[in-house]
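Student: These protein sequences, in sequence, are chains G and X.
The numbers in my numbering rise by one with no breaks, and the one at position 193 of the first sequence is 193.
The numbers in my numbering rise by one with no breaks, and the one at position 289 of the second sequence is 289.
The reader is advised that the hints may include incorrect statements.
Unchecked claim - One-sided and incomplete, this derived list gives chain X residues near chain G with beta-carbon spacing under 7 Å:
#, residue
1, V217
2, E219
3, G386
4, R389
5, N392
By construction, these hints were calculated from the structure, which means they are not laboratory data.
Yeah, the Cβ is synthetic: ideal placement off N, Cα and C, and Gly gets one too.
Spelled out, the chains give:
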Amino acid sequence: MNTISVDSITKKFGEIHAVDKVSFEVSPGEIFGLLGPNGAGKTTSIRIILDIFKPDSGTVSVLGGPMTEEKKNKIGYLPEERGLYQEIPLERCLVYLATLKGLEETDARQRVGEYLERFELDQWRKKKVKELSKGMQQKAQLITTLVHRPEIVIIDEPFSALDPVNTQMVKDLLCEERDRGTTIIMCTHQMHQVEELADRIALINKGQTVLYGSLDEIRRRYVADAVIVRALQDLPASLPGVREIIKQNNHAMLKFEPGKTAQDVLQMLVQKNISIEQFEIALPTLDEIFIQVVQGKGDGR
Amino acid sequence: MNKIFTVLKNEFQTVVMRKSFILTLVLLPLTGFVVLLVVSALQKSSGVAAGEFLNELFTPEEKQAAEGYIDFSGLMKSIPPGNEEMLVKMNSEKEAADAVRDGTISAYYVIPEDFMDSGDIIYVRPDYNPLGGSEESGVINALVAYNLTGENLELTYRVQDPLNLTEVDISNAMVRESENWLTYVLPYAITYLFYIVILTSSTLLLNSITSEKQNRVMEILMTSVTPRQMLTGKIIALGLAGLLQTVVWLGSGLLMLRYSGSAFALSSAFLLPASTLLWGVVFFVLGYALYASLMAGIGALVPNMREASQLTTIVIMPMIVPLIFISSLTTTPNSPLSVFLSLFPLTSPVSMMTRLSGATVPLWQIGIAVLLLAVSVVLLVRASAGLFRAQNLLSGSSVSTKNFIKALVGK
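Sequences are here, hints too, so could you generate the full structure?
Tutor: Here is the structure:
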């Protein structure tokens, strides 16, 4: 059983199609990347999954059925628009938000205490939230997302406005949650962050799913006819079977002529007695795939 | 249900722990106590009963100088006994004018030759005070009555004050001394109390919603509670905060009166019938629910408090109407205007309480007011709850009054 199944959801705001027949499924215990540029319809899709918005058509199934009040308590959500009550003490704010997720107040207080210690916010617990730095507030927000030990975590733009240290901390946390068996949806336009973490992705553009599947499979599908070569000596300006040589820092990308394969190029390099240190298939980055897709070469799935 | 209670508890705690709330809650009764202490201290030193002292403070009796009269009719033979110091006979207008200038008399009357036919008397005084009312001492009435009755003092009294009317109220309501300053102050106090409490509680609700929008907590809340649970929790919590305020203020008011004890002859003046207090709770709850749901509607639509200001001004306008007509409500509590204001749902919570604290209101009128108010509350709560949905709560732009009303009626 899939943890989340999104089936052909559509949502219009006025005349604008925010989401148009988007479908995807999220399996238990995976990190799923919901990708797309700003304004692609990611947040609207998330809000429909969370039952904040009702779709105009299509259905969503969460933990085996429609969303209920009880299921809401099993979800941890970190929205893109981060915010906490500014005028009340940190601990009270976090405990209140935790009790809204169905925790008893004593439990909430204990777990919030544990997280505050872990995130080194312990000494700030009695301070008003507005007195905390932005980074501290981000951490506090993460506590709100995780404190009730959710089965599903949905994080919208998890790395926006985070410094490298905190970015790493969030990545570690997400991996830790996955190891615990939590299903995670990561919603972002920062493709390179997803490459490290996500098992599968859906790419949304202009409200429609343009790519969907496992990250490896997608990248292989978009393999460019090119290899990356690092040689001990300079490569000649032209090589047979290679239509273009793009020199990069300490390696070069060799793009084949039509009909040639990586194997052909390797044989040719060996024949030419070129000493090779590194030879690998040039897998495209998600950024490159994304650009290809939105420029009209997507597979439309 | 559980989540409504969680929202309610948090909201109530947040409001009553706020410094400004605690300050107003404590400061107002404290000011009252200070005034009371000062008054009783003054009373002890002057020996005047506090009640009288306050009466004097509100309506001081001015010491009247003597007045003069010039009689051209020849009817005024003598000044009635006991008024010799108040009235001085003058022989000519010049003499009278000089005496006014000297300050020996404060003003003078000219009784013309044809007084018997016309009844005209001219009153000449040095200044003109249209708001101060007539400062004319009334001693001229005594002079005329005394001389026209052939200098018969008993007849003079009867002519001047023909009957002693004793009013018996068959409605059996508690009668308050009409002479006492509190009879006059009480309706005002009740009106302002209702106005302030309903206004602050419903504004607190608006504040709470807009601050959640501004702090961007709304989206997290939406994934934990439904908009309706949130609205219900908030309305009840802030209503309770308002009720707490009312209870503390009224309670400390009663305490002050008890403390002042017998020095104030207040028993019948300040006593409000239990039914009025009961109606007070009913009108507060309904009035608050009415304005709170309007404010919640505004809160759902606007992005922040600043954008809300124009709309709130228009929404609270009907609350101000009873304050504008307060003198009419207190002096003529059964006039058509007073009846209308106390029946119309937007003005009735405050107006009806003003009337109830000043006069006896027929039960059918209270019934109609409650009914109209309750129907309006149901309709408005439903309309506002309709606006309290995710799409509005998560966005928000400036809203014109026209659009607000359209949104309320569901267009």
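Student: Going back to the hint list, which numbers does this structure go against?
Tutor: Numbers 3, 4 and 5 - these are the hints that the structure violates, sorted from lowest upward.
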